[in-house]
Every structure is written in C-alpha cells, then in structure tokens.
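**Student:** Below are the chains, spelled out letter by letter.
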Amino acid sequence: MKPVLLTTEQVATFVARGFLAFPAVIPEELNERATTELEGILATWGTPDRASAPGSGDPFDAIYAPPSAVGEVLRSPVVAGAIRSLVGEAPVFDHDFVHLRPPHDPFGQHLHCDAMVDPLTAFDIQVFYFPHEVAPDGGGTGFVPGTHLRHVHETDVGRYTHLLGERQWSGPAGSILVFHQGMWHRGMPNPGDRARLMYKIRLNPTTTQVRQWDTSDLVALDSGPGDHIFARFRMDSIAGLLRRREKWMGEADYRLELRNRARLWRYLTGDDRFDVDWYLTRQEMRVGLV
Amino acid sequence: MNSETHRQQVLFLWLEDSHLDGRVVGWSFHDGAGREAELEGAPPYATGAEALRAGWRLLQVSPVPMRIPGAEFVTGPLAHEAVLERIVPLR
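So the sequences go chain by chain: A and B. In case it helps, my numbering puts the first sequence at residues 1 to 290. In case it helps, my numbering puts the second sequence at residues 291 to 381.
If you are wondering where the hints come from, they were derived from the structure by calculation, not from laboratory data. Every residue, glycine too, gets a C-beta built ideally from N, C-alpha and C. Check before you lean on any hint, since a few could be wrong.
What the hints assert, rightly or not - Residues on chain A that point at chain B, a partial pick, calculated with CB under 7 angstroms:
| hint | residue |
| --- | --- |
| 1 | Val152 |
| 2 | Thr161 |
| 3 | Leu163 |
| 4 | Leu164 |
| 5 | Gln168 |
| 6 | Leu256 |
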C-alpha cells in the first residue's frame, strides 16, 4: 500500500511540538499478531534464539521482513508515510526495544532524552507503537511537548518531576507516536491491572530531509519572512503553527524556541529566508553592516 | 535542626523568569519526613513568592543567565530554579 505522506501542517506541528500522534491507525487483527511477536522478541532478547534481530545501520526497508507483524506495522501506510516524510527515502535502523511494564509496577523512569546531547539540526525520529489501549490513568509514556530542540544530555533533566504541559500518552489500541529524537520523555509507573506493552524504534536519515512530505499545501501556508506577530501576521500559516507556546515556557524560553523552530523549518524546506516574528531576519540584515 | 525530632522537606520550583513572583512552570518535592502527599496541587504554589508566604525558606536561586558568546540561542535545562526548604516535626 502507498505511504500516506504528512501534510505541511503536520510537519510544522512536528517542528513546533516535537511529536505527532496517530491514534488507532493499526487494525486490531495486526495488533494481536504484533503483540505475540513482540512478546517473543522480549522473551528471546539478546539470546541466539532471537531470529533476524536487525543491526544498527540496516536499511529500514530490509528489517522485519514479511511475514513479520512488526514489519507490517512499520510499513503500514500512515507509519511508513510519517517515516518517509521526516527521515527521507533511505533511513536506517538505529535500535529498537520492547518495553513491558507489569501491572501495578510502581517504577517510573526519570525524565530524559535518549542517546546523548545532540546539537545537530538534522534529526532522527523515534516511533512508538502501542498495540493495546492505554487508559488516561494507565501510566502511558510521559513526554513534554516543545522540549525537543533543547540541548540536554540524557537524565540531566531527571530533576524535573512535574512540568506544566507534560503529556501522558493515552489512546486506543494500534496507536502510533512519532518523536523528534530530542523529546524529553519517561516511562511511567503502571497503576493498571494489565501489563503494558510498547515498542519503540529509532531511525536515522541518510539522505536529504528537505521537502519529503506532501508539499502541495506549502505555498498556501507560507506567508513569507515578514509574518511577524508584532507587525502584520497570519495565524493560519506555517509561522502561525510554529508559534504554539507550551505551558512550561516563559517568554524568554518561548522566543528562543521560535528562533530555533524557524531554523529547523529552513533546514526542512531549504528556504533560507523563512522566519517567524523577524528574529532571524533583523540580525541577518545587520551582519553585513559591522 | 534536631534530627531526632525533625526532618527537612525540599521543594524545587522552576519559574517562568528570574523574578520570584514569576509563574511556577515546574516543581519537584522531596520529603525527608515521608509525607509526600502533604504537598498537593498542580502546581502547589502559583509563584515563588507564594511559597515564601506559605512558610518555605529560600535556600538558593539560579543566577540570571549569561548568554555565552557563540551559544546565545542555545536552550537547555530550565533557567530559573529556586530551591526551598521547610523543617517539619516527625509525627
């Protein structure tokens, strides 16, 4: 089946917030097969009994080949389309893991971002797959929208127990979350009566990430570098989407994030004139005067 | 503090700016007396100053950020952290 590419609005939301959610995009029959396969992977993890474990650097297209149910999930239209739109035509496997949290397990991870501090503009994605329903009080993955562009290292942010605007995933079976690799997140305690299963895979781009989504709406949403909230502006534009403010942000934080989002949008579009609220442009115009 | 009879409670607050009247955007509570449920609310105080009025003592507050030349636009951990304590009797 043909991948369903992301829209410009979705990619701008990803740049602003660091994640996209796709509730119930995997059918129940496939969720059941994937659950069985994931439980098998977990039971044989790190042993010779685990067949066909992918290796870091393997082409995404080659991992979990048919009849793997996990492969079927990853190559389903919405998931494959999000992957294609964000990490281009030839991503490679970084690593994956099956997270299983027993019922009534009080253990919760400290807030962290994965791998290590990463100052690059080019980014990886992490795809989270929830094969069964996660109730609002079910201890689903916690994450803090808008933190993905901050340069922090692993659990250095573990001190933060509560941040305004933190989300805790809940949703129907067969849901997908896609994170920018920098998103602050954590595994939560499981207060529920059933074991909680989640699969996570990290993918690295190896080819361009520029305009890989469905760009048919790009021109209509682009109001140019002069879209400026203190002058003339649109909210139904890319700049308007990038202006989303998270509850944990003070004004100083917010302005720096706007600038950093505009830079990421420039990277993703190849448009070096793009700006939100004039922060990049006013300084760039002055550089040559010094 | 008499450790036979009292314990320290520590409250981290992260504020929206460097003013103690700034809005609380994050918090962590650590209770040496083991009564974590005592501090409820989301957040427990609306501002840093409100915590002072509730009897917390300010131990430390972040310096105003100095933007490092060459890294002026880099964001990282939250900038405006206040560490407060309260000494409470053991029950």
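**Student:** Confirm or reject each hint.
**Tutor:** Here is how each hint holds up against the structure:
no., hint, result
1, Val152, "holds (5 angstroms)"
2, Thr161, "holds (4 angstroms)"
3, Leu163, "holds (4 angstroms)"
4, Leu164, "holds (5 angstroms)"
5, Gln168, "violated (13 angstroms)"
6, Leu256, "holds (5 angstroms)"
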